[in-house]
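In terms of the numbering used here, the sequence shown opens at residue 10 and continues consecutively.
No lab work stands behind these hints, which were simulated from the structure alone. Treat the numbers as computed from the prediction; the structure is a model and nothing was measured. Treat each hint with caution, since some may be false.
Stated by the list, open to error - 35 Å max Cα-Cα, derived DSBU-like pairs, lysine-lysine: (1) K31 x K144; (2) K17 x K64; (3) K203 x K216; (4) K64 x K12; (5) K57 x K17; (6) K57 x K216; (7) K189 x K74; (8) K216 x K189; (9) K31 x K216; (10) K64 x K16.
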Amino acid sequence: MLKVNIKKRLAHYDLDIEFGMKDEILVLFGPSGSGKTTILHMIAGLTKPDEGLIKLGDNTFFQGKGSSLSVQERNVGMLFQDYALFPHMTAGRNIRYGMKSKDEDRSFVVDHLLHVLGIQQLVSKYPHQISGGEKQRVALARALASEPSILLLDEPLSALDRETRIDCQNELIRLHEMWKIPFIIVTHDMEEAKKIGDRILFLEHGKIVDEKEKQISIDAP
10 MLKVNIKKRL
20 AHYDLDIEFG
30 MKDEILVLFG
40 PSGSGKTTIL
50 HMIAGLTKPD
60 EGLIKLGDNT
70 FFQGKGSSLS
80 VQERNVGMLF
90 QDYALFPHMT
100 AGRNIRYGMK
110 SKDEDRSFVV
120 DHLLHVLGIQ
130 QLVSKYPHQI
140 SGGEKQRVAL
150 ARALASEPSI
160 LLLDEPLSAL
170 DRETRIDCQN
180 ELIRLHEMWK
190 IPFIIVTHDM
200 EEAKKIGDRI
210 LFLEHGKIVD
220 EKEKQISIDA
230 P
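Make the full structure from the sequences, and use the hints.
Okay, here's the thing in structure tokens:
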């Protein structure tokens, strides 16, 4: 179970967030600048809270006002909005870059991901040679190749056309059913949030807004 109770002073507001989650898909939903990506970065260790607690199972990522594990020690997989694939590496090398160990005895992890995501034919291609949906799958494979304890996804489907986006939404749901680890996904698309998320947290100015109240305001004519 993930426990998050963090505070951080930002440029235009104070972020103050508390939530917990099990092995489910949690969606962070809200307008730009509401703190969604900052929360992901603090869980991953890319940004440090001012104070609080971030704990996954028995592993405490951050506690108090300074005790913090490094990014590498957290065993977090992260998929960025632009996928952040290395342009000078083939898809296969990009995926293997995410592995904890480059030893051959872990090659079965990559082989499994290639099969599950149906991207065996892409291993020798470079990012500029593949489509947006294919890049998304390669980036997912790289994030999962590290065998993470949690997967964070920052608007992973926003750049895709509608048909590819729907296919990738289904892919994410299927992968979660297989991996059974916490997924936290940031999206601006309410339809997508409802489809993918087991739960949705609505954010405004660094605070969680009650889901029922927010839903009423969104659906109101």
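Hints versus structure:
| no. | hint | result |
| --- | --- | --- |
| 1 | K31 x K144 | holds, 28 Å |
| 2 | K17 x K64 | holds, 17 Å |
| 3 | K203 x K216 | holds, 20 Å |
| 4 | K64 x K12 | holds, 5 Å |
| 5 | K57 x K17 | holds, 8 Å |
| 6 | K57 x K216 | holds, 17 Å |
| 7 | K189 x K74 | holds, 31 Å |
| 8 | K216 x K189 | holds, 28 Å |
| 9 | K31 x K216 | holds, 21 Å |
| 10 | K64 x K16 | holds, 15 Å |
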